[in-house]
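Throw the hints in and build the complete structure from the sequences for me.
As a plain string of letters, each chain reads:
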Amino acid sequence: MRKNRLVGFIIAIVVGISAGLIYGWVINPAGVRNTSLKSLRNDYKADYVLMVAECYASDGDLAGAVERLEAISTSDAVSVVQQGLLTAQQMGYSNLELMYMAELEKALTMSKAGD
Amino acid sequence: MNEKRGSLHLLTGVVIGVLIGLLVSLVLLPVQYIDTEPRTLKESDRASYREVIARAFLVEADTPRALARLALLQDANPSGALVEQAQTLLVSGGKDLEARALALLAAAVNQPSMVITPLAVVLPSPIQNVTNTVTAPALQSTNTPTETLATRTPAVTITPRPTYTPQPTQGAPYELLEQSNVCEPEMKQSLIQVYVVDAAGKPVEGVKIEISQPNGGVETFFTGLYPEINPGYADYTMTQGMTYNLRVGEAGGLVQNLSIPVCEDDEGNEYPGSIRLDYQQPK
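For the record, the sequence lines run as chains A and B.
For the first sequence, my numbering begins at 199 and goes up steadily by one.
For the second sequence, my numbering begins at 92 and goes up steadily by one.
Please keep in mind that the hints were generated in silico from the structure rather than gathered at the bench.
By construction, the Cβ of each residue, glycine as well, lies at the ideal position given by its N, Cα and C atoms.
Please note: incorrect hints may appear among the correct ones.
[Stated by the list, open to error] Chain B residues, not near chain A, derived (Cβ > 12 Å throughout):
#	residue
1	S98
2	L113
3	Q123
4	T179
5	V182
6	E189
7	S204
8	E269
9	T328
10	M333
11	D357
12	E358
[Stated by the list, open to error] Covered by chain B, per the in silico footprint, the following chain A stretches (three or more residues, Cβ under 8 Å):
#	stretch
13	200-214
14	218-225
15	232-242
16	251-260
[As the list claims (entries may be wrong)] Below, computed lysine-lysine pairings styled on DSS-like, alpha-carbon distance capped at 25 Å:
#	chain 1	residue 1	chain 2	residue 2
17	B	K133	A	K236
18	A	K310	A	K201
19	A	K236	B	K186
Structure (structure tokens):
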């Protein structure tokens, strides 16, 4: 009898957890807030990469650029810039803007090769 | 009695389970969103985003574009947020350039017509190489963005830079004859106006002028780009709150801490003025 009560209690907890998870993940998920740079849409990321590339073009601080790029993706900085370039090309960024990004990509690739 | 106890422990189990489930789904492991917009960023990432916008603003000097980017964050008080972040950076020490950039962007928010002089950039490769450089990663990538692309922020406006003018024959370094403030209310920009003449008092074209900012880049320009004003004339647009160091010629002395002077009109109202520097080659 006591064992049956314990099993019932555990089953009740499992049912309750399931209900809580379904409510929080499906029925009424937390609003879109407190997101991170990593979750930004690709076009926003491309613009971010462009801004980082422009910063790099003015200060030559590759470490700073890497730090900023790693904030928007779990991939390595070179991949982030390459993805940014791809999106930028599709969106018709100007030659100058693409050049800023390409220079950053080149510097990152050379730095990576030197490591 | 036993049946009542039985129901109670089941009910307790369900309540505990629901609480655990809600804690996990809403707090510990909330739904992870992708393809979000900047307005949904958490505060620390909003600060990073603002900082990058401000730094890019210094390079592009494109106020509408910077403001469009800033608007993506939908801050209730964009200017206040920028100023507060700049102050926090200054208090925490370091990142002086970022703090200045944020303050400058805050000023641009309050004065959208503001024009700044872009920082100098260093890009070793010619523009013609861009296509090849860009194509390689594009071909390697297998990820194709599927989202509907957002409206682009306004494209960068390229500020024409002075073209290279051959240097005149080097002689004795130019000496600063006079430095004066220019107070003309009708002038829309605060300029550093440089006039260079040779030993005979004749204007000299193509004299290299270097201007630098503490913690900033160095820009180079030349006399002779405004022959309608004077063949030995060159100017540079100053930004409010910035200080500049200037050198005329290869071996000229450094004039330090140039900043926008404050002028007063007839009614006592203050307005930003310009600076005039007269240089001459010694006889």
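How the hints compare with the structure:
{"no.": "1", "hint": "S98", "result": "violated (10 Å)"}
{"no.": "2", "hint": "L113", "result": "violated (4 Å)"}
{"no.": "3", "hint": "Q123", "result": "violated (7 Å)"}
{"no.": "4", "hint": "T179", "result": "holds (18 Å)"}
{"no.": "5", "hint": "V182", "result": "holds (20 Å)"}
{"no.": "6", "hint": "E189", "result": "violated (10 Å)"}
{"no.": "7", "hint": "S204", "result": "holds (22 Å)"}
{"no.": "8", "hint": "E269", "result": "holds (33 Å)"}
{"no.": "9", "hint": "T328", "result": "holds (17 Å)"}
{"no.": "10", "hint": "M333", "result": "holds (15 Å)"}
{"no.": "11", "hint": "D357", "result": "holds (41 Å)"}
{"no.": "12", "hint": "E358", "result": "holds (41 Å)"}
{"no.": "13", "hint": "200-214", "result": "holds (count 10)"}
{"no.": "14", "hint": "218-225", "result": "holds (count 6)"}
{"no.": "15", "hint": "232-242", "result": "holds (count 10)"}
{"no.": "16", "hint": "251-260", "result": "holds (count 6)"}
{"no.": "17", "hint": "B/K133 <-> A/K236", "result": "holds (11 Å)"}
{"no.": "18", "hint": "A/K310 <-> A/K201", "result": "violated (62 Å)"}
{"no.": "19", "hint": "A/K236 <-> B/K186", "result": "holds (23 Å)"}
Violation of the numbered hints given earlier is confined to hints 1, 2, 3, 6 and 18; the remaining hints are satisfied by the structure.
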